[in-house]
Amino acid sequence: MSGSSIALLMGGFMMVVMALRVPVGITMFMTGGIGYIWVSGLDPFLAFLKNAPYGRFSLYDLSVVPLFLLMGQFATHGGLSRALFKAGNAFIGHWRGGMAMAGVASCAGFGAICGSSLATAATMAHVVLPELERHKYKPSLAAGSLAAGGTLGILIPPSVPLVIYGILAEQNIAKLFLCAFVPGVLAALGYMLVIAIVTRIDPELAGPGTAVHSWKERIETLLGTWPVLLVFLVVIGGIYGGWFTPTEAAAIGALATGCVAWYSGGLKGEGLMECIYGAATGTGMMFLILLGADTLNSFMAISQLPAEAAKWVVASGFGPWTVLLSIIVIYLLLGCVMDSLSMILLTVPIFLPILLGMDYWGLSNDDKSIWFAIVALVVMEVGLITPPVGMNVYIINGVAKDIPMKVIFRGVMPFLAWDVMRIGLLVLFPSISLIALRVFG
Amino acid sequence: MAERASSPTINAEGPIGKLIKSACLFMAWAAGLMFLTEMVMSSVSVLGRSLFGQGIPGDYELVQMLSAMGISMCLPYCQLRKGHVFVDFFTLWAPRRLKNYLDAVAAILLAACAFLLAWRIWNGMLEMREYEETSMVLALPIWWGYVPVVPAFVLLGLTALHTAYQEFREGSWS
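From first to last, the protein sequence lines are chains A and B. By numbering that gives the first Met the number 0, the letter at position 24 of the first sequence is numbered 23, and the numbering carries on one by one without gaps. By numbering that gives the first Met the number 0, the letter at position 68 of the second sequence is numbered 67, and the numbering carries on one by one without gaps.
Keep in mind the hints are simulated off the structure, nothing from the lab. Every value quoted in this text rests on a predicted model; they were computed, and no experiment measured them. Keep in mind that the hints are not guaranteed to be accurate.
The following label-pair restraints were derived from C-beta to C-beta distances [said to hold, decoys possible]:
id	chain 1	residue 1	chain 2	residue 2	range
1	B	Val104	A	Arg133	43 to 51 angstroms
2	A	Lys267	B	Glu12	28 to 36 angstroms
3	B	Ala93	A	Ala195	21 to 29 angstroms
4	A	Ser315	B	Ser49	32 to 40 angstroms
5	B	Pro150	A	Leu324	45 to 53 angstroms
6	A	His125	B	Val104	32 to 40 angstroms
7	B	Gly47	A	Asp42	42 to 50 angstroms
Note that beta-carbon positions come from the ideal geometry of N, C-alpha and C, so glycine has one too.
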């Protein structure tokens, strides 16, 4: 049997095992292990295991992940989510639907200090939902806007999935972060526009307008968000200016948010331990998957499947757009059952060579792989809010148990419409993703 | 749906369960200490570099070593909290009892993989020590970094076995 047929067979095995509730990382590890032994024999596999885990865990680029997670924990305990919402509310809260817009904006802001969508949705929902409820916003709009806004967490840098993509695609992480910024802002503005439109159509959705805040209040609340601005500037400016590495930026960011959390009393008592345990759970979760994916991808590489798949697709005569569209559909379907990290690890080693072998607008290979990163990330985000199972919707439902899932999904629909348009825009205009690189590069 | 929104509370019963729980908590705490050290060290290094033109020597390799140790020590705690990601989309229809049994089998598989890894990494460590491989700048022996990784994987395996036992018992009770 050829390496590729073994790989396809093992792919089927993996899907079955995964569906039977075996942890994703372990499923990948077993699939990779059995395939590795099948293709190269037992001894090479046992030799591979001796140093692969330490090699993976000690990769300098990956040391950024626990630090980002720690930063997110500190930010949550430091009350930064509340500060962000207050500032947003002071500026635009008096508009029709303005508080919901401020909620989306603060999700975007929180995304700038947190690399995970689920954490962003959960944290912001705790802060914003009660406020929206108090101001008589309809649950569908309140919950829908937060579920959608939460997806900004992985798009707006820092973003853990982009770090992983950068390592897999051998792309500069700083460049990826820079390129994700414009699409992230575009997404946030679009969500706010959606709120403006739906509240024009049905003014009952939003509560009565609140008083306009004075400029003094606005400046004061804005100053309260300084750690977010600092972290954002340090992460983007510092990494891109070449002053320091992403890990160092994350370290400075974590230290700054940690100081804020300490100053605001968020680390008192059990606070610090909660932060550590929270970061430990996230780290353990991600690195088990990474370890499994490492084994799986080593097997895939020796099976020659990615190279052969790329050759086959090019020879089959499918047009580049058919291929890209199929990949997007696959991501939308996978997004219903899998998290973005597993999806990236599973698909990028196979899909990226295929895409690089095709011509899109005459883009260079580097540009293509950055553009694909952004498109893929946005498509995966959409998976977080699509029925029947959108993780962010579950999270919002977990925070506000009185809002039924059906209502949240209904509230999400207008935002989903914008998401679909956004994917179209990003696919048709790669310059949206690449403009930051052209301006600052 | 794959990710767990919030981990369920830890329920460790019996003397063995309590022992495993304390060991997991200790390792997570130690991991946190490693990450906090990295955080302070990298920040000081950046500050030193920008103010005095000199960072902490060997800071990158220290970060690598601390990360590897910290990350591996997070794994058992994550299992204790049942935080490892799995796909439950295809078993949403299943009765509680079947899910318990499937989860018990999954935990046993996890334990088997963890013990296999612990054994291999132990061998890897012995090799590293034998070849006297050291880091570039500080000439630290690489095998030092392996030291906490082996017990971390052993504890991951033990924790998973405990999970399997709990799931199995829950399944046969309900």
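Now the hints, each set against the structure:
no.: 1; hint: B:Val104 <-> A:Arg133: 43 to 51 angstroms; in the structure: holds (47 angstroms)
no.: 2; hint: A:Lys267 <-> B:Glu12: 28 to 36 angstroms; in the structure: holds (31 angstroms)
no.: 3; hint: B:Ala93 <-> A:Ala195: 21 to 29 angstroms; in the structure: violated (44 angstroms)
no.: 4; hint: A:Ser315 <-> B:Ser49: 32 to 40 angstroms; in the structure: violated (54 angstroms)
no.: 5; hint: B:Pro150 <-> A:Leu324: 45 to 53 angstroms; in the structure: holds (49 angstroms)
no.: 6; hint: A:His125 <-> B:Val104: 32 to 40 angstroms; in the structure: holds (36 angstroms)
no.: 7; hint: B:Gly47 <-> A:Asp42: 42 to 50 angstroms; in the structure: holds (47 angstroms)
In this structure, the hints that do not hold are numbers 3, 4, in rising order.
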